[in-house]
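When you get a sec, could you build the whole thing from the sequences and use the hints?
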Amino acid sequence: MTKLKSTLRSALEAAGLTSGMTVSFHHHLRNGDHVLNMVLDEAAAMGIKNLTLQASSIFPVHAPLIGHIQSGVVTGIETAYMSGPVADAISHALLARPVVFRSHGGRAQAIASGRVHIDIAFIAAPCADCAGNLNGLYGPAACGSLGYAFTDARYADCVVAITDHLVPYPAAPASIDETQVDYVVQVPCIGDPGGIVSGTTSVTRDPVGLRIAEYAAQVMASSGLLQEGFSFQTGAGGASLAVTEYLKPLLRARGITAGFGMGGITGAMVDMLENGYVRSLLDVQCFDLRAVASIRDNPAHQEIPALRYAAPIARGSAVDQLSCVVLGATEIDVDFNVNVHTDSSGVILGGSGGHSDTAAGAQLTMIVAPLMRARLPIVVDRVGCISTPGSTVDVLVTQRGIAVHPARRELRDALVAAHLPVYDIHALRDMARRITGTPAVLPHGHRVVGVVEYRDGSLLDQIFALDE
Amino acid sequence: MNIIRTAACGTLESSDALITVAPGDGLQISIQSVVLRQFGAQIEASVRDVLRELEVTGAIITVEDRGAVDCVLRARCETALRRAAKEE
Amino acid sequence: MLRSLLFVPGNSPAMLLNADIHRADGIILDLEDAVAPDQKDAARILVRNAVRTLQYAVQALIIRINPLDTAFCREDLETIVPLRPAFIMPTKVAGEGDIRALDQMLREIERKNGVEEGVTRLLALIETACGIENAYAIARAPRVRALMLGAEDYTADLRAIRSRESGEIAYARSRIVNAARAAGIDAFDTPFTDVNDVDGLLNDAQAARALGFSGKAAISPRHIAGINAAFSPTAAEVRYARQVLDVIEEAQRLGRGAVSLRGKMIDKPIVERARQTLQMAHALNMEVDEL
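Chains as they are written, first to last, in this note's numbering: chain A, -10 to 457; chain B, 1238 to 1325; chain C, -19 to 271.
Here are the simulated lysine-lysine pairs, BS3-like style, with alpha carbons at most 25 Å apart: (1) C:Lys20 - C:Lys72; (2) A:Lys(-6) - A:Lys38; (3) B:Lys1323 - C:Lys92; (4) C:Lys20 - B:Lys1323; (5) C:Lys20 - C:Lys92.
Simulated from the structure, these hints should not be mistaken for lab results.
Below, the structure is given as structure tokens:
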């Protein structure tokens, strides 16, 4: 019996796809992904209904999903992040069942513990052989790490690898190997490289972002954590990424080498690895071509599964080893709760990803954000949705001031001693409001369109439909 | 102040507002804003304030707001009104 | 102490909102070159509202106005004078006559707005060959408390070739510093124009400091850190100044006349310089005793 199927249809039939199943997808092809749409289109053509989509993330490219929801092909979604037309439609109550939002670690944990059951995992495979050994390192859709696909492959009843780059047996390295893969199908194209990774992620030149990043690095320097073996994670956007630029001179001045850098990995992190600022990188996802090349060629740059990255009850997870994480926010409230799920009007535009996982694990969790975005203050009385509980957040850094969680008195004292502009978080809120005015508190609709599960499976918050 | 012609001030960039003023009877104010739900009432109140200060009683005012803070909004409004009141 | 002065375009709401977060000692809100001719009215009113509302956290708020020979100048002053900025910056100042004309206008406007007559101070931007030749007269003219060199217009006026090494403005720099110091006022150097060349900026700022400038203008927030560093005393300078004052104190206590440190005579200018260095260090919150 060969695992290799000649068409997607024959693979779906062999896998036994039937109505009512849960099917999973990883999001390493990001906004260039063709696989999720391709599989759902085929399922629709087969007359399949009532699928639950267990996708690690949903991007704008997945807009055709809206049609599949309207026609009843998909009736449930569980994910760690969604943005674009699907997220918009969900906010407008497109789906009868609330979307279940989990963190990356929470999702992996739910699957590994059996709480979430996957019938068929569809693994977009940039490079695979006929037996199902596969990796993300080669081929036209090379995406680097396959971190979010490991748990699905290991725990799903059936695993279908979908590739556009079939290589002679054995594909090497085998990130996911043949012992876990049931079928392999070759298609013309699994993704658009332009949407998968950016050519380069460049550090922000926005002067406000740079100001914030410099303060963030100074907070690290004053926290006492910046010692040999220091480890860190930063987001890939704006101010968060720029922190690495300010971190380098601090490490150099103190003669310290960081132990590891983690997360979605960018060229900026690779640069730190190659120039000896950090000893190793733990990579759950690559954000640019430089990261893809590095994970392929540099043994100190390791691919790690989501379970190892961030799961809460696993025997060990890397977030618990983190000294410091730098994260973003759409809003943060006076209790330091952070929202990364909805915008200030309540429209879904993201999700936890690893936000709440790293916040829970790291010794120092820093939120970086401008004091206001256009007329909206970043600090609010109550966030529209709690994505990450305030008890796991230590510091808010803005361009005009830094607020420290009241439970971290010693940290606050250290920052004051370092002449950093430390304020009570209420003072930061008021500083913004003096210029913006106080935004009206918006009523939300009554219908629940999303539930946010904390990484341990408990209910953290709910997302409501927009008030029409 | 008499509004005698159509004039505008501002841009559609983030943190700015484009305000257009045209001659009209009475005050007609229409507002589009990225923060309409949070700040719509405050935007209208500020526009009316500026109209009162400049003693404008007849004008059609269109606000296209991209999240301008109050002092910016008022500046754009005042400039647009002054331009619309100016003899060529 | 004004080491760095950051130019901020006067008609950009987003930049005005964050004008004071870049650690510049002073900001220069610009109504002149950064604003298109048909937007002068908009910028003037925007800057007025921003200054009133935002309460900029800087040591010196400076507003650059349009040239005297334009109709905008008077309207700028009518709007700006009541805001009481630390300095108004007139441009292309060519001689004492320009300042006298401005003084006349300011007197009227101050009177009209109930502002105490004569309190509006000027930071004169000198950016013509004529202005350089008249620098001392300008420095001594009423209300002028500082000079700044504007090298781009100046070198165009000279028909000189602008270079990274700036040899072509050596004369103008020295003349401006000398004129300002002779009149007992501050002198500020021209901005460095390559935003991305941080090393070049640092060299340029150090050269300006060595010539005697008090500080330097910047057109990018990314240049502020380099300028502040170049115009601040180094730890070694502060340490040396401390030692100079210590040995002088010791000598006075023992009633000794001639004093030397590390084999060098410590004379009066050295002591004076040491005092200046420590004053700057204190003003900058440098921890002098720990050094």
